[in-house]
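Those sequence lines, one after another, are chains A and B.
Per our numbering, the very first residue in the first sequence carries number 1; after that it's consecutive.
Per our numbering, the very first residue in the second sequence carries number 1; after that it's consecutive.
Errors might be hidden in some of the hints.
Simulated restraints, written as ranges between beta carbons of each label pair [said to hold, decoys possible]:
1. G333(A) - A83(B): 54 to 64 Å
2. K293(A) - D106(B): 54 to 64 Å
3. E218(B) - P133(A): 49 to 59 Å
4. K354(B) - E330(A): 52 to 62 Å
Example chain B residues on the side facing chain A (calculated, C-beta under 7 Å, incomplete) [said to hold, decoys possible]:
5. I110
6. D199
7. Y200
8. H237
9. V239
10. G279
11. R284
The hints are simulated quantities; they were obtained by calculation from the structure and are not laboratory data.
Everything numeric in this text was worked out from a predicted model, so none of it was measured.
Beta carbons: idealized from backbone N, C-alpha and C, even for Gly.
2 protein chains.
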Amino acid sequence: MAKIPTVFSLRHCFVVSLALNFSLILRMMYEREQGCKGAFWKKQSESSMAEVDSNHLMHKSHLAVSSSSPLVNSTRTDHPKVAERVINLDHGDPIMYEHFWRQMGDKTTIIIPGWQSMSYFSDLSSICWFLEPEFAKEVVRLHNVVGNAVTEGRHVVVGTGSSQLFLAALYALSPPDAAEPISVLSAAPYYSSYPVMTDYQKSGLYKWAGEAESFDKEGPYIELVTSPNNPDGYVRHSVVNRTRGFLVHDLAYYWPQYTPISSPANNDLTLFTVSKSTGHAGMRIGWALVKDKEVARKMTKFIELNTIGVSKDSQLRAAKVLKAVSDSCEEEGSSQEAESFFKYSYNIMEHRWKQLRVAVQRSGMFSLPTFSPAFCTFFSQVLEPHPAFVWLKCEGDIEDCERFLRGHKILTRSGVQFGVDPKYVRVSMLDTDENFIHFIDRLSAIHP
Amino acid sequence: MAKIPTVFSLRHCFVVSLALNFSLILRMMYEREQGCKGAFWKKQSESSMAEVDSNHLMHKSHLAVSSSSPLVNSTRTDHPKVAERVINLDHGDPIMYEHFWRQMGDKTTIIIPGWQSMSYFSDLSSICWFLEPEFAKEVVRLHNVVGNAVTEGRHVVVGTGSSQLFLAALYALSPPDAAEPISVLSAAPYYSSYPVMTDYQKSGLYKWAGEAESFDKEGPYIELVTSPNNPDGYVRHSVVNRTRGFLVHDLAYYWPQYTPISSPANNDLTLFTVSKSTGHAGMRIGWALVKDKEVARKMTKFIELNTIGVSKDSQLRAAKVLKAVSDSCEEEGSSQEAESFFKYSYNIMEHRWKQLRVAVQRSGMFSLPTFSPAFCTFFSQVLEPHPAFVWLKCEGDIEDCERFLRGHKILTRSGVQFGVDPKYVRVSMLDTDENFIHFIDRLSAIHP
Chain A
1 MAKIPTVFSL RHCFVVSLAL NFSLILRMMY EREQGCKGAF WKKQSESSMA
51 EVDSNHLMHK SHLAVSSSSP LVNSTRTDHP KVAERVINLD HGDPIMYEHF
101 WRQMGDKTTI IIPGWQSMSY FSDLSSICWF LEPEFAKEVV RLHNVVGNAV
151 TEGRHVVVGT GSSQLFLAAL YALSPPDAAE PISVLSAAPY YSSYPVMTDY
201 QKSGLYKWAG EAESFDKEGP YIELVTSPNN PDGYVRHSVV NRTRGFLVHD
251 LAYYWPQYTP ISSPANNDLT LFTVSKSTGH AGMRIGWALV KDKEVARKMT
301 KFIELNTIGV SKDSQLRAAK VLKAVSDSCE EEGSSQEAES FFKYSYNIME
351 HRWKQLRVAV QRSGMFSLPT FSPAFCTFFS QVLEPHPAFV WLKCEGDIED
401 CERFLRGHKI LTRSGVQFGV DPKYVRVSML DTDENFIHFI DRLSAIHP
Chain B
1 MAKIPTVFSL RHCFVVSLAL NFSLILRMMY EREQGCKGAF WKKQSESSMA
51 EVDSNHLMHK SHLAVSSSSP LVNSTRTDHP KVAERVINLD HGDPIMYEHF
101 WRQMGDKTTI IIPGWQSMSY FSDLSSICWF LEPEFAKEVV RLHNVVGNAV
151 TEGRHVVVGT GSSQLFLAAL YALSPPDAAE PISVLSAAPY YSSYPVMTDY
201 QKSGLYKWAG EAESFDKEGP YIELVTSPNN PDGYVRHSVV NRTRGFLVHD
251 LAYYWPQYTP ISSPANNDLT LFTVSKSTGH AGMRIGWALV KDKEVARKMT
301 KFIELNTIGV SKDSQLRAAK VLKAVSDSCE EEGSSQEAES FFKYSYNIME
351 HRWKQLRVAV QRSGMFSLPT FSPAFCTFFS QVLEPHPAFV WLKCEGDIED
401 CERFLRGHKI LTRSGVQFGV DPKYVRVSML DTDENFIHFI DRLSAIHP
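Only chain A is shown next, with the shape it has when bound in the complex:
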């Protein structure tokens, strides 16, 4: 060891050295925090929310209050203010998945140099000229790995989230020169955004016609089939079954963590999104599997006129994320430690639903939907569904369940917005562990 000048005793050096240790440790902690900036300080403004709807802005103040750590393994703080905190489960921000992607480390880190992806165009050989080939490849691969959709003989159309693809589908399926707009309908309870998304432009091509079961108008129509259904999680099929009807299948939740995969979906037009499958809502990437070439062409034309294509950066990032999901499924068998994305997320959903059913039983004031188990071809066993949302019913004489829960500082979405009874509310199951635990605690504590 180097000779130490006598002016510094060994003890001096030891103290200095300890001080240096301390500062280095502090520095590392600081740098890590910087690395997680997006997750920590940004969460203050992002708040713990899920899927957006027309009235989310009204909740701003609440939302800001309900922000919390995004880490799945975060423990609840026993701060005296906790009981006062408003928990917003009206929306469905799927940040529950963030922990898994942190564990993946650099595997899904994307690096894009400033000179890349500058052109409007991605693939002139595809009907969807702005579709990144790498993204299309990973979409097909993931469906083959999961077995939730037939991709043979389908055209992939990428969209800025599945919302844009929903509008593109309405545009593509509407008769261009009809005397009146085509009727758009869905069985209640239906996704609360369908009516407003269909009608906000006052289009002469298509018009919201409401609840599908009571639809008795003659002529062509577009029926929206969401399966498993948002809000109630049940498996859905077309209910109108008349000639001259077009079907749009929204399968945003047809993934193994939410519902048993019964067979590959084999529809004319099916919508998927990364928001609910992998949890990357901020990418705004969805895709459609389209059988008819002309429909795929018209959907592409809609997106061309609407946004001249879809972010290449997000398509490239989505490709990397989907690849990681497929890889995790294929690697799972190979080693004991490896856990697929779906196994990971299934386990969380199963655990949360268990906790929820106990809380509802303790309370005695609510009821939940019951699901019959089914064989899942992905997990190769009989499993129960664990939907991304809870379709909760207030029992007894509570007429307005949303208002009742708001009184207990739990924000949910009223059944009225889904075309049904205010005795029902939709509650997100995809929020942070911290918010979910608070929700469970509060629910258990509500008694008749």
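Knowing the structure of chain A, use the given hints to seat chain B on it.
Only chain B this time, still in chain A's reference frame:
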């Protein structure tokens, strides 16, 4: 200091402590390396095309043929087939800028970990809740550096390209309960996509009413003012000037490389896009500067219902690119070598316009618009405009200039699409050096 058990001498502790320092330093170095790992991955092919319009797909085959090296300094191949090659200048893919961004190296490389930007939400304190604060900051900074727009008292609304913001503006400015749709108009020659973008949804809120100068209808209207104008490059002002009129200013080309910056634009609603300012069309990022809070809110609502926000990945990347542009402007003064993005692109545009004027003179079959020089506050000197498109006129007895040039294997966009005479065509000036040189050669060789 705490007493140390005799089994460990102070010297032992010191050695251990030094070892700990060493390991901590190594760990920090390792973690930093991880942070910027593999900044040179990824490659993908891009076609050399420009701005998209409703009929670009018809040119697919041609476009495929005309694709070429995107490097600005690429030299033309003397392949015998060159004379046979179709040169597509119908669109306006701004890939001319790629070379600059390559020169910048890692400065604008973005790295996004898989767990980042997962939420739908970016900033709940902003009216535009999906606006990334970093992007908003760099937008304001760039306008202040360039001096081309007033940002004080304006709300920034981000969009999936300025196309989405154009539609959002129509939605926001249309009276919601009017008996008939509001008239949308623009002075001819107007951007060829305005009519189809306005009418493709057959909206009951707004309707294309055609050429602004001949507009004589009573009641409210929306006038689109594009300045400098696409296609002809002239500075534009409102032409209708009636009460109950709303103005939307499309200033996509109000940047120093295209036109002298006379003063900061000070409008109610102004649209910009990265596609034409920095050349990053593939990002699909545009922004609006909006004076009225309620209009900004309605535009945000449109984007919420249309695509539930805008890609966070592209917003973060755009922030980095805009920052690099502002930095390049501020560094220019500091050193001799440093060249700002606008100086670089101005020089290319000036050179191309010189070559074009010579070619047109040689040919004797065409005429070009003439522009009067003006003082540019950015470059602090009197300069000539160098528009992103050439508004070319066929002289003599050629009635259909687009068809005539197609006969010479040059694809352009006919004046008819811009609401005027087929004697005119719009030609992109933003293509690769290789395609531009071929275009110049062919034009020079066409004689009466």
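In rising order, the numbers of the hints this structure does not comply with: Hints 2, 6, 8 and 9 are the ones this structure does not satisfy, whereas the remaining hints hold.
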